[in-house]
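Undergrad: Given chain A's structure and the hints, the job is docking chain B onto it.
The lines below spell out each chain.
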Amino acid sequence: MDRTERLLDLVALLLAEKRPVSWQRLRTLFKADYGEGSVEACERKFERDKAELLELGIPLTFVPRTDDDEGGYRVDPDAYYLPEPGLSAEELAVLYAAGATALSSGAFPGSQDLAHALRKVAFFADGPLAPPKVRLEPGVAVDTSALPARLDALWAAISARKSVTLEYFSPRSGEVTHRKVDPYGLALRRGVWALAGHCHLRGGLRTFFVHRMRWLEVNPARPKSPDFEVPADFRLDDVIPVWPWHARFHAPIDVDVSLSADLPPVARALFGADPVATPAGPHVTVRATDLDALVSTVLSLSPGAKVVNPPEAVARARAVARTVLDAHGGQGA
Amino acid sequence: MSTEHHERLRRLLFLVPWVSRHPGRPVDEVARALGVTRSELLEALEQLTLVGRPPFQPDDFVDIYVEDDRVFVELDQRLSVPPRLTAAEGVALAAAARVLGPLSSEALKSALQKLERVLPAQAVARFRELGHRLDAASDGPSGLGTLSWAVSERREVRFDYFAQGRGLTERRQVQPAELFTHHGQWYLAGHDVARGADRLFRVDRMGPLEVSDVHLPPREVPVRAHVPGPEASAEPVTVAFVKARAAWVRERFPEARARDDGAVG
Numbered sequence: 001m002d003r004t005e006r007l008l009d010l011v012a013l014l015l016a017e018k019r020p021v022s023w024q025r026l027r028t029l030f031k032a033d034y035g036e037g038s039v040e041a042c043e044r045k046f047e048r049d050k051a052e053l054l055e056l057g058i059p060l061t062f063v064p065r066t067d068d069d070e071g072g073y074r075v076d077p078d079a080y081y082l083p084e085p086g087l088s089a090e091e092l093a094v095l096y097a098a099g100a101t102a103l104s105s106g107a108f109p110g111s112q113d114l115a116h117a118l119r120k121v122a123f124f125a126d127g128p129l130a131p132p133k134v135r136l137e138p139g140v141a142v143d144t145s146a147l148p149a150r151l152d153a154l155w156a157a158i159s160a161r162k163s164v165t166l167e168y169f170s171p172r173s174g175e176v177t178h179r180k181v182d183p184y185g186l187a188l189r190r191g192v193w194a195l196a197g198h199c200h201l202r203g204g205l206r207t208f209f210v211h212r213m214r215w216l217e218v219n220p221a222r223p224k225s226p227d228f229e230v231p232a233d234f235r236l237d238d239v240i241p242v243w244p245w246h247a248r249f250h251a252p253i254d255v256d257v258s259l260s261a262d263l264p265p266v267a268r269a270l271f272g273a274d275p276v277a278t279p280a281g282p283h284v285t286v287r288a289t290d291l292d293a294l295v296s297t298v299l300s301l302s303p304g305a306k307v308v309n310p311p312e313a314v315a316r317a318r319a320v321a322r323t324v325l326d327a328h329g330g331q332g333a
Numbered sequence: 001m002s003t004e005h006h007e008r009l010r011r012l013l014f015l016v017p018w019v020s021r022h023p024g025r026p027v028d029e030v031a032r033a034l035g036v037t038r039s040e041l042l043e044a045l046e047q048l049t050l051v052g053r054p055p056f057q058p059d060d061f062v063d064i065y066v067e068d069d070r071v072f073v074e075l076d077q078r079l080s081v082p083p084r085l086t087a088a089e090g091v092a093l094a095a096a097a098r099v100l101g102p103l104s105s106e107a108l109k110s111a112l113q114k115l116e117r118v119l120p121a122q123a124v125a126r127f128r129e130l131g132h133r134l135d136a137a138s139d140g141p142s143g144l145g146t147l148s149w150a151v152s153e154r155r156e157v158r159f160d161y162f163a164q165g166r167g168l169t170e171r172r173q174v175q176p177a178e179l180f181t182h183h184g185q186w187y188l189a190g191h192d193v194a195r196g197a198d199r200l201f202r203v204d205r206m207g208p209l210e211v212s213d214v215h216l217p218p219r220e221v222p223v224r225a226h227v228p229g230p231e232a233s234a235e236p237v238t239v240a241f242v243k244a245r246a247a248w249v250r251e252r253f254p255e256a257r258a259r260d261d262g263a264v265g
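Chains as they are written, first to last, in the working numbering: chain A, 1 to 333; chain B, 1 to 265.
Mixed in with the good hints, there may be bad ones.
What the hints assert, rightly or not - To give an idea of the chain B side of the interface with chain A (calculated C-beta under 8 Å), a few residues:
1) Gln47
2) Phe180
3) Val214
Quick caveat, the hints were computed from the structure, so don't treat them as lab data.
Values in this document were obtained by computation on a predicted structure and should not be read as measured data.
Think of the CB as a built atom: it goes at the ideal place given N, C-alpha and C, for glycine as much as any other residue.
Bound-form chain A, shown alone (with noise of 0.2 Å):
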């Protein structure tokens, strides 16, 4: 019997019975696949099958043998069957303008999973829902054909924590490298996803711009079987961070930033932090590892922002205002 229709009769059966079924009933039942040649070689037949059916979600269960019962293996319908999950019109309809919108960008990891996802969510509704108004598109403009099945084969290899072996281009020195990543996690930052886990080569935690592999290759041996641990203290945020400024390149410093009467109503999009009032006018207060990433923000806004304190960091957006007033040939203080 071809494995689709076996897994699917196996399904149909055990979501029909309201009994255990046990292995020996099995064995006649599908008498060509479990009762027929060793018996070692059916049982290997069936744990292959049972890993597929739990890999796919299914519930099956081995219930022990009891006084009353020979035991055996059983789907519970209340754990196989997806529930309403009751959602409003408006949770339905932005849940899945989320979802569909991260699809249809044509790179989002686990695009398969994703798209099952939505199909399920989507089972109750009424009727049709409407395609998303909204477009993610991607933060780079260089050629990215080859992103999807890169993001999918990462997450593959995160979730099952399989190493990868990939070449990276540095733009920094021109080179191609070739290393072996254990892949921690993958996070989107201004439309460019990002890699972050255990660069062999440099021994250490390391980041990688997934449009920088030139080419990627999960470790096809033992699938099965993960190949490393991800360290308990690790957090995605700490090593890809949410803002630019963030990035861990000197100790912390707290600056002081401050803002026209005009912009504390966008102050938090902009900085991620509330602004505060004061007899100066409204401050924003923003931790930075990475100074000159919050100068280039604060200038960019400039003249309704500016560093005010600490005396190093005013002094550091002020030399790069005067080098950005020197390339334009200025003369201004």
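TA: Just chain B now, with coordinates in the frame of chain A:
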């Protein structure tokens, strides 16, 4: 890891329930719902007629068929509802939901909580573990969830907007048409009521958002907005970058030309 065989099984386990819930839908509509081509669907339907349960008497098989180019199911063999979400499906959906910033939308936040409740009990731990390994959240500035709702529901919005060019904040009344990212920056495209014209707004420069109860009529011409770049200016613009930045500039602007001194422009 997903394989072709694994995918086929997942699709078949969804196909019977879908047709059971939507009997008599055209073949092409069923194929779209399943994300497959028409011929792949017909092949899947053919395969399903061989699926059943022992002792495999005629009534023990799935009875699913096409009549007048429409799909019906007579006997679903208890495959009437799809299986629950797997942990991986839940993680992918939760991560995708966060693209729009769950913290900014009560609806998204509560939807994700309900989503976790319908995961199989044995998948919850894995869902939480993997959830920390995939992060698309930070790209969404506050207000995205609510804005996406307003766009899909065609509701007028009002917000404070900081116009960088003029250095001032104004209240805007906008009929939203599309929300999109460009170079990692979120934009809202819509009709600015006061100005009587279509405008683009950077979402990170929007202040508190108010959504009107009024439904707007659909726009006659679908909008696909774009952010004007240097190519939109009448006069050619040349920007020079020093040699040290050349590789990064080429990554973002592949059309940049190399100069004699190694710089690009």
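Undergrad: Next step is simple, just say for each hint if it's right about the structure.
TA: Here is how each hint holds up against the structure:
Interface restraint check: glutamine 47 of chain B against chain A, minimum CB-CB distance 7 Å, threshold 8 Å, status holds. Against a cut-off of 8 Å between C-beta atoms, the interface hint on phenylalanine 180 of chain B holds, since the closest Cβ of chain A lies about 4 Å away. Taken as an interface hint, valine 214 of chain B does not check out: its beta carbon lies about 16 Å from the nearest beta carbon of chain A, beyond 8 Å.
Hint 3 alone, counting from the list given before, is not met by this structure.
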